[in-house]
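Turn these sequences into a full structure, and let the hints steer you where they fit.
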Amino acid sequence: MMEQKHIVSGFDRDLEGIQALIMKMGGMVETEISLAAKSLELRDEELARSVVQSDRQVDNLEEQVDEEAARLLALRSPTAGDLRTVLTVMKIAANLERVGDYSKNMAKRTSILVEMQPVSGAASALRRQARAVELMLRDALDAYIQRDADLAQDVRERDREVDQMYNSLFREFLTHMMEDPRNITACMHLHFIAKNIERMGDHVTSIAEEVIYLVTGARPEDDRPKGDKTSTTPYDPGGEDD
Amino acid sequence: MNDMTRLERKVDQKTIKISARDVQVFYGETHAIKDVSVDILDNTVTAFIGPSGCGKSTFLRCLNRMNDTIDICRVEGKIEMDGADIYAKRVDPVQLRAQVGMVFQKPNPFPKSIYDNVAYGPRIHGLASNKAELDEIVEKALRRGAIWDEVKDRLDEPGTGLSGGQQQRLCIARAVATAPEVLLMDEPCSALDPIATAQVEELIDELRRDYSVVIVTHSMQQAARVSQKTAFFHLGNLVEYGDTGDIFTNPEDPRTESYITGRIG
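If you read the sequences in order, they're chains A and B. The first sequence lines up with residues 1 to 242 when you count with our numbering. The second sequence lines up with residues 1 to 265 when you count with our numbering.
By construction, these hints were calculated from the structure, which means they are not laboratory data. All C-beta atoms in this analysis are idealised placements derived from N, C-alpha and C, irrespective of residue type, glycine included. Check each hint, because a few of them may be wrong.
[Stated by the list, open to error] Heads up, incomplete: computed chain B residues facing chain A, CB under 7 Å, no partners named:
no.	residue
1	Q221
2	Y241
3	G242
4	S258
5	I260
6	R263
Shown next, in the form of structure tokens:
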């Protein structure tokens, strides 16, 4: 955004440092999503456990970002674009931490799900949904580093696709449960995973909105595109996808 | 609580006190101020910021014709206070400076008693008809200057014997004693410690109720703390003028951003 360097070069180092932390954290969360979904599809308990383990590092990074941001605010009194950088870094870190939590939760449920009869097609559909979120996150982080508000807006709009994937999974799991009550436990877990991935998409959308604020100084005024209609639509097993 | 602070900061008076149009200032051959047009609002603290030599002090001094005292200085364009041209022939600059008071970078009390420092202006402008009236004016001004409690028992002592912060508040009291409408402050806190600075800043905020205050400051943080409007000067141009909150979070001009974030001097 700002090509020019600060007169006080330590200020540049601090800002670059805190942004490097965010990118590191973002990269770890991307991997976490990907590996959690992979462990679910491959029913790989070992991999799932490693995801649960690695989430602690993401939490530590968030603390580090907060500390650095507090220090920067206290010592450098940033203004304008610098101020927005620090503010958005804190919010992005908080959102990344949540996405990491949801990934960890997915991995934990994987450990339970491997004990059960697989529900046909569910794991691969969830992996596709997770992949969509992972790509959104990658682009949101790219948009952050490139200060690209258009790319961020694109990410924001793609959240609707993730919501729609959740809608159809919601129906699918209901159908499975009605067909055979022995599927209920597994489907409940799978449903939570689908819902959590949908929530991840919302957090990535928030990150994209932070990028828009960082670049333009204003938050997007229109409502966030929403596609999750399961909370307002009565269930109709014969209904078609919208 | 958030709403309160926002409301407080909001410019609640939209009356234009001073209106400058296409102002040019030359020092001999040097073109120091280029085409500056700005409206200074009443009951508002307006901060002029910018790097050294950007013209902010020069422009400030145009507002009470302090530049008249410099032979090679030439001012063009129009500056009006309440709609009246302050550079009109019939305007007496001494009278104007009573209406548009000024406080300088270094506290400069007269080598006189505290009382006489404040009474000086009202005396030469004939604002008091007897001693009792003058006493009242002096007390009121010292209270305005937020220094009354500290000096009320030693009004006869020399003003130069006060601490730097007290001297500066004495100078502010001296400036308000002539019942001005506008107060110009040129780096009023640069020679003060942080406590005295905070006291003067608090005072500036109180003065805003009665006056239009214009402050030149090198401290961006001070501009952010005390002002509702900020004007950024660069190389003699007025680059950006707007609400202080906007200037410091989302300035429009890249030069403003570079300056307030510490990228150009």
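Hints and how they fare:
| no. | hint | in the structure |
| --- | --- | --- |
| 1 | Q221 | holds (6 Å) |
| 2 | Y241 | violated (16 Å) |
| 3 | G242 | violated (12 Å) |
| 4 | S258 | holds (6 Å) |
| 5 | I260 | holds (5 Å) |
| 6 | R263 | holds (4 Å) |
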